[in-house]
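Going down the list, the protein sequences come from chains V and Z.
When you line the first sequence up against our numbering, it's residues 1 to 356, in that order.
When you line the second sequence up against our numbering, it's residues 1001 to 1336, in that order.
Calculated from the structure, these hints are not laboratory results.
There could be a bad hint or two in this list.
Which residues of chain Z face chain V? A partial, calculated answer using Cβ under 8 Å [said to hold, decoys possible]:
1) G1149
2) I1151
3) L1156
4) L1179
5) F1305
6) L1306
7) K1309
Label pairs and their computed distance ranges (CB to CB) [claimed, not checked]:
8) V:G85 <-> Z:L1110: 22 to 32 Å
9) V:R206 <-> Z:L1130: 32 to 42 Å
10) V:L113 <-> Z:L1130: 34 to 44 Å
11) Z:P1134 <-> V:P314: 23 to 33 Å
The structure displayed is predicted, hence computed values, not measured ones.
Glycine included, each C-beta is placed from N, C-alpha and C at the ideal position.
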Amino acid sequence: MMILSGDAPRGRALRIALIAVTLSLAFAPFLFPGAKPLNVAEKICVYALLAASYDVLLGYAGIVSFAHVMAFGTGAYGVALALYGLGPGWGAVALGVVAGLAVSLALALAIGLFSLRVQSIFFAMVTLAVAYAFNVLASQLSQITGGEDGRSFQVPFVLRPGFKLIGGEIFGVAITGRVLSYYLVFAVCVALFLILLRIVNSPFGRVLQAIRENPFRAEALGYRIVFHRTLATCIAAAGATAAGAINALWLHYTGPDTALSFSIQIDVLVVVVIGGMGSLYGAVAGAALFVVAQNYLQAAMGALSKGAAEAGLPLLPGLLHPDRWLLWLGLMFILAVYFAPTGIVGKLRAGNGEGG
Amino acid sequence: MSASDFGAALPRPRMDLAPALTPLVVAALAFPFIGSVSTFVTLTAAGLAMGMMIFIMASGLTLTFGMMDVLNFGHGAFISLGAYIATLVLLPLTAWAQSDSLALNLGVLLLALAAAVAVCGAFGFVFERLIIAPVYGQHLKQILVTIGGAIVVEQLLYALFGPDQIPLAAPAAFRGSYLIGDATIEKYRVFAAIVGLAVFAAQMLVLNRTKIGLLIRAGVENREMVEALGYRIDRLFVGVFMAGSALAGLGGVLWALYRGQVHASMGGELLVLVFIVIIIGGLGSVGGCFTGAILVALIANYAGFLAPKLALVSNILLMVAVLLWRPRGLYPVSGR
C-alpha cells in the first residue's frame, strides 16, 4: 500500500480490471507479439500518463486547460531536436528532456500566474489561444522544427530494432531494442504515475480538492489559491512533457500531428472524463478503453458502414464511417458528464460493474 | 413619473474613451513601419472589415457569458453550421449569384444569410435546452459539455456534408475591388463591414433603448436582482443564446464567403480569435467586444504584412498587453 500512497483502488471490479490492464501492459511483448499490439500497448501507457497528469488539473484542481498538449509537444520536440541536432546518444536525450521540461514549466508558470488570478474560466480561454498559437508557430518555424514534416531522428543504439540484448529468445520473443524501448516507456509511465499518485494524496493534493470544492473557504483558511493552482499546472505540465519525450523516443519522429495536434487534447479530455475525473486510476482505465477502441472499434465501424451502404440505408453509412468515430465518442462524453461524472471508475466502484 | 424622468434624474456615467481610441493608436504606430500610404489604407480597410466579421461572431458569446456565466465552447460549431447552411442556398442558386443583376446577387446573398440566421437560431434553442440547461451554474461541467457538443456537431457536419472543403464564391456583384488612388478595397469587405456595423447599431439600439435590452443589461450586471424583481431571466437567456447562435451563423457565412471556402474546422480556428476578442473587450461587454474585434483584426493584418510568421502570436501578445493594462479587459463589466 506504501507504493500506492494509501490510495488503493477501492471496489473489487475496479481492482480486477486495473490489475488485468497492468499485467497485460507489463507482459505485452510476450502476450501479444507483433508490431501493432505493441504500438497499442505503448500508446495506452503514454495516454495513461498524459491523462493522469491532466487529471491533476481537471479532476483534482477543477481547472480546464487546453495547453496540456502544448506541454506534451514541448517534451516531444525537446527530445527530437536534441537527437536531431546532436546525434543519437543518451546525453542528447537527457539534454532534450531537461530543455523541454524547462520550456514547458516556464510556459505553465507564465500562463498560470497570468490568467489564474482573475477567473478560472479565463484560464481555459487563454490556454486555448496560447496552445493554438504554439501549434501554428511550431509548423511555421520550419528551419528549427521541420515544419509540417516534423523531424525524424536516430535513437540511441540500444533502443533500435536492430539491437539484440541476448542471442536467443525468451518465451519465443527476441529481446530487441523495440522491446527494450517498450519497457523504457512502461517503466517511466509507471514511475511517474506513482509519483503523481503520491502528489495528489499529499496535503497539497487535499488543498487542491478543497479549492475545487470551495475556493472562498480555502482562501479563508489561509491557502493561497493562485499558488496552489499554478503549482498544479506546473506539475501537470511536467507529467505531460515526460509523456511527450518518451513517446518521441518510441516513434523516432516528432511532428505537429503526433505531438501538438488539437485532437490529442480532445483525446485526453475524453479519456479523463470517460475514465473518471478526480481519480488517477480513471486515467488508466480510460486510456486502455480509448486506445483499444480507437484501434479495433474503427474496423468494426467500417464493416457496419459498408453493410449499411450495401443495404441502401440513408445517412447511416456516413454516420458509421470509421473517420466519424469521434461523433460516437463525443456523445459518450456528453452522457458521461451528465450521468456518470465519476466515469468508469465510479461505476466500477459502485459495484454494478457497468462502464459508463 | 415616466421612465424618461428616471433617466434624467440619474447622473450619466462618464464615457471611458481611452480603450476606444486604442485602434487609432495601433494604426498610428503601424503606419511608419508600413511606409506606403496605399498599402496602409488597403491593410486598414481589410482589417476593419475582418474586425466587423469577428465582432458579429463574438458579440453573442460575450452577452451569453455576461448573463448566465455560460461560456459556450460550442460557439465555433455554430459558425461552421451557418457556413454550411449558406452552401445549401448559394450552390443550388448559382444562376442567381452569377447573373449580372445586382438585385438577384443581393437577393441570393441575403437569402443565404437569412437561412443561416434562422437555422442557427433554431439550433441554438435546441442546443441550449438539451446541452446547457441541465448544467447551469456548474462551470466545469458547462465547459466539458459544450466541448462535447462542439465535437458532435462538427462530426455531424462532416457526416452530412462530407469531409472535404466546399468552395463558395461570393455573388458576382461582390467580387473585385474598388480602387481609390493606389489603394484597393475589396467590394465584398465593404459589404461585410456594412453588415457588421448594422449588427452593432441594432445591438446598441436594442440594449440601450428597449425594455428587453434593459433587462439584458441588468442581467449581466446582477442576475439575482433581476430575478428577485420577478423576471424570468432563464427565458430571456434562451432568447439571448438563440440570438448569439444566429449571429455566429451570420458571421460564419460572411467569413466563408470572404475565404471562398467552407470547412467544418473553420469554427474551431475562429473560436480562438473570438475568445481573444472577448477577453480583450471584457467579458460581457458589447462595446468592448467591438473595440477588441477591430484591434485584433487590425493587428492581425498589420502583422500579417510586416511579419507573416508572427501574425497569430501577435494576437496573444496583444491580449497580454491589454490584460496588463486592464486586467479585466478594455471595458470591464461590474460585478465580475
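Exercise. Which numbered hints turn out to be false for this structure?
Worked result: 4, 5, 6 and 8
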